[in-house]
Amino acid sequence: MSSVIIPEYEVTHSRPNAFNKSYERKGELKHATHYCPGCGHGNVHKMLAEAIDQLGIQDRTILISPVGCSVFAYYYFDVGNVQAAHGRAPAVATAMKRSRPESILISYQGDGDLTAIGAAEILHAANRGENITVIFVNNGIYSMTGGQVAPTTLVGQKSTTTPNGRSIENEGYPMRVCELLATLEAPVYIERVGLGDNKQIAQATRAIKRAVENQSKGLGFSLVEVLSPCPTIWKMSAVDAQHWVRGVMEKTYPLGVYCDKTKDAHPRTPHAPAPPLSELRKIMGITSEEISAPEVKQEIAADKKKVDLHVRVAGFGGQGVLLLGEILAEAGLDAGMQVSWLPSYGPEMRSGTSNCHVRISSESIDSPLVALPDVLIAMNEPSLRKFDASVRPGGWVLYNGDTFPGDCERKDVNVLALPFTNIALEIGDARAANMVMLGALLEIADALPQASIDAALNRLVKSKKWIELDERALQMGRELYHEACVGV
Amino acid sequence: MHKKQLMKGNEAVVRSAILAGCRGFYGYPITPASEITETAAELMPKVGGVFLQAESEVAAINMLYGASSAGVRVMTSSSGPGISLMQEGISYMAGAELPCVIADISRGGPGLGNLGSEQSDYHQVVKGGGNGSYRTIVLAPYSAQEMADLTAWAFELADKYRNPVFLLADGFVGQMMEPVEFTNAAVEPKVPDWAVAGTKESRGNLITSLHMDNDELEAHLKKLEAKYMQAEREEVRSESYFADDAEIVLVGYGIVARILKAVTVAARAAGINVGLLRPITLYPFPTKEFERLRKRAKVFVVVEMSNGQLIEDVRLAVNGARPVEFHNRQGGNVPTHDELMALVNRLAKKLAEDKLFTDAELHVKETLAKVAAEEERLAHV
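Chains A and B, in that order, give the protein sequences.
Numbered by the numbering used here, the letters in the first sequence go through residues 1 to 488 in order.
Numbered by the numbering used here, the letters in the second sequence go through residues 1001 to 1381 in order.
These are calculated hints, taken from the structure and not from any lab test.
Small disclaimer: the values here were computed from a predicted structure and weren't measured.
Just so you know, even glycine gets a beta-carbon here, dropped at the ideal spot from N, CA and C.
Any given hint might turn out to be false.
[As the list claims (entries may be wrong)] These stretches of chain B come out as covered by chain A in the derived footprint (C-beta under 8 Å, 3 or more residues): (1) 1017-1025; (2) 1368-1380.
[As the list claims (entries may be wrong)] Subject to a maximum C-alpha distance of 25 Å in a straight line, what follows is the list of computed DMTMM-like cross-link-like pairs (lysine to aspartate or glutamate): (3) B:Lys1223 with A:Asp454; (4) A:Lys26 with B:Asp1159; (5) B:Lys1190 with A:Asp59; (6) B:Lys1200 with A:Asp308; (7) A:Lys26 with B:Asp1193; (8) B:Lys1004 with A:Asp407; (9) B:Lys1222 with A:Glu381; (10) A:Lys462 with B:Asp1354; (11) B:Lys1004 with A:Asp454; (12) B:Lys1223 with B:Glu1181; (13) B:Lys1227 with B:Asp1338; (14) A:Lys282 with B:Asp1338; (15) A:Lys282 with B:Asp1354; (16) A:Lys411 with B:Asp1338; (17) B:Lys1003 with A:Glu363; (18) B:Lys1227 with B:Glu1289; (19) B:Lys1200 with A:Asp59; (20) A:Lys386 with B:Asp1159; (21) B:Lys1200 with A:Glu363; (22) A:Lys306 with B:Asp1213; (23) B:Lys1004 with A:Glu279; (24) A:Lys30 with B:Asp1213; (25) B:Lys1222 with A:Glu28; (26) A:Lys282 with B:Glu1038; (27) B:Lys1298 with B:Asp1354; (28) B:Lys1200 with A:Asp78.
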């Protein structure tokens, strides 16, 4: 007598929609994966694909395939696919998520990829709290390359590069990623699960779904570590490998939730909407001022005289050397001339001397380097000593000091040496010494109209108080030049 | 015509990039490129773009890989040692056909070198420092204005060829302030159809540099090579400054070309027949321009702030037809006007005395001398 057995639960043999119907990219054997029998990747792939189906996010999902056995994850998933360099998937996922906040980013990584070569990338992505999901498959070995030691290999475990077993003296201890990342403030969900038996597999399924769901809710960084069997490299049967996950691996890597802040997590603030293109120039401080008659100013300048001024400004950092040069160049530009300003840079900006090259010319400027200055502004003695010899015969040296060092004297250049810092102090602030010296230079050069100097000051000096002080300082410099150089 | 603004080349790069539709900047600070990173940090968020300071140059370039995969116009900046770290990612991006723009404001090397300006990144940038048969397009600005103009062009080229494009400048060109005018119209960011953008339309797309099958990889490499050949046909740019009738052709890029312009003017004024050939695209290299000029030129003079890297491409382009002389400064030092004038004078004198020879001519002379000596010896036996 036969009877129909009514099942208590429905058995399905369907494939999640998030998997491709057949694996065309694989080239051959289009209905089987490339994974070995008993490998954990198959399970994890299916859990992930089911989670994608259940959450209804297939179109939005982007899977990052790592380097390792799962390098071909893109063969199987019918989502957006990107294959990344070894260990860099979290960096790739970071930028993709930030570029396309609506997308769902899955960084699928093995233990060599994530804990060894990619240790920095995972740590920083977690620490920034990137709103991505990391599926970390840990089988304690480099499988694809044939079984070399990984940071996660168990103590004593043999590998092709630890033929006598992992020793703590040589390779250190197994790296516990969940514990490590759980010390960070930013991650919202970190759990370690295993594929050691059906109960563990059921928990792993739930954890993976949660990790993806967290992201779809905008909660932040989630990572699920999956202890996964590798029968081929471990040289075990599929069943023994599964037992080994449960009986051995688990002792070094205890399962459980290491971090769960999902209840208190808030979705990230969305991007501010992009401004219209017409606003870009204004936002970036690009002047949209049209030049009504571009030739006029230049004609005036050319009319007046041919200008080709080479200036070197040097002094201590903090004396306003670069600003002096900048105001000069800005004024030159305002007067319709060609200008260039070239700073020295590097450690000498932190201490010691700083200097810049300024050229102002009625013709186009070839080299912005000032090898033979017409005017050297030396705001301290080291600068004078460094550049004095370079001044063009017939040129000028403006020196900030009571007395001009005798050994620097040259018969073929003009010198104006005054205690400019003290003079500036008398009119209000020692830091205006650069402007007093600029005032003297403007008289010497006699190439720039006052209106252009005013325009440059207003553009480059932010406070009204300082503009007033600088104007006084410039005037003082002009007068000092005339006082000192009458009859020269 | 818009009014010109006084601006550092490094600051101009970011503004031009944003006008060109760039909405992603991922970088790591390094002198003398840091102003680019800082300017991007200030401006990117204001225009709806992303700025992120990465944990390393390795991460930064992989973030470019991600943003570019997502179809965003994206850039980074760095210098010498940082570019070395990015080479892995650049190779991946060339392999995966991902556009991006990388500004290398080069400094002294090898290793930590110093912060001075050198041109010693030429090899690692122009020849490609990563693995595999790939090329990067390399543009060499020599003014703040060109920093802006070539940045805009770099984004067009990157998209046209789906390939990384370099802006290779020295510290001087990056740090120098000059009047800049932004002539490029603002470009609306668009998602290319190959991108993986997390949308229904882009779901089937794949970005990868992996091709397991030998024939498939070979076909892919041929496709890449065809793009580079197209760039060699269509994108070569150089500036010829009094070079068309010059006997002495000076060759240099970046800040060196600025100094060489001044030298050219001074030497011409002194009656010496000098000109300047300035490559603007370092790859593709202006080989044809050298072929044209070498018909009249008697000698080429390469001036570099490196141990002689550009000169290798010049020698290939001149192809032994003319002598190629070399002058360099290193370690952050810059060739001075005076030393270059002295060099030009020396060469002019040699030319007048007919004492400049190609390697082949020297070889013939040496061989003839040896033969003569041998005959002499035999005559006395």
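Evaluated hints:
1. 1017-1025: Holds, because 4 residues of the segment 1017-1025 of chain B bring their Cβ atoms closer than 8 Å to Cβ atoms of chain A.
2. 1368-1380: Violated - the segment 1368-1380 of chain B has 0 residues with a Cβ nearer than 8 Å to chain A, which falls short of three.
3. B:Lys1223 with A:Asp454: Violated, at roughly 59 Å.
4. A:Lys26 with B:Asp1159: Outside the cut-off at roughly 29 Å; violated.
5. B:Lys1190 with A:Asp59: The hint holds at about 19 Å.
6. B:Lys1200 with A:Asp308: This hinted pair is violated, its Cα atoms lying about 62 Å apart.
7. A:Lys26 with B:Asp1193: Holds: A:Lys26 and B:Asp1193 sit about 23 Å apart, inside 25 Å.
8. B:Lys1004 with A:Asp407: Violated, at roughly 44 Å.
9. B:Lys1222 with A:Glu381: violated (63 Å)
10. A:Lys462 with B:Asp1354: It is violated: about 62 Å lies between the C-alpha atoms, which goes past 25 Å.
11. B:Lys1004 with A:Asp454: holds (18 Å)
12. B:Lys1223 with B:Glu1181: violated (38 Å)
13. B:Lys1227 with B:Asp1338: violated (43 Å)
14. A:Lys282 with B:Asp1338: violated (44 Å)
15. A:Lys282 with B:Asp1354: violated (60 Å)
16. A:Lys411 with B:Asp1338: holds (22 Å)
17. B:Lys1003 with A:Glu363: Holds, at roughly 18 Å.
18. B:Lys1227 with B:Glu1289: holds (21 Å)
19. B:Lys1200 with A:Asp59: holds (5 Å)
20. A:Lys386 with B:Asp1159: Violated, at roughly 48 Å.
21. B:Lys1200 with A:Glu363: The hint is violated at about 57 Å.
22. A:Lys306 with B:Asp1213: Violated. A:Lys306 to B:Asp1213 sits at ~69 Å, over the 25 Å cutoff.
23. B:Lys1004 with A:Glu279: holds (18 Å)
24. A:Lys30 with B:Asp1213: Between A:Lys30 and B:Asp1213 the Cα gap is close to 15 Å, so the pair holds against 25 Å.
25. B:Lys1222 with A:Glu28: With Cα atoms ~24 Å apart, B:Lys1222 and A:Glu28 stay inside 25 Å; holds.
26. A:Lys282 with B:Glu1038: With a Cα-Cα distance of about 19 Å, the restraint between A:Lys282 and B:Glu1038 holds, given a limit of 25 Å.
27. B:Lys1298 with B:Asp1354: With a Cα-Cα distance of about 10 Å, the restraint between B:Lys1298 and B:Asp1354 holds, given a limit of 25 Å.
28. B:Lys1200 with A:Asp78: holds (11 Å)
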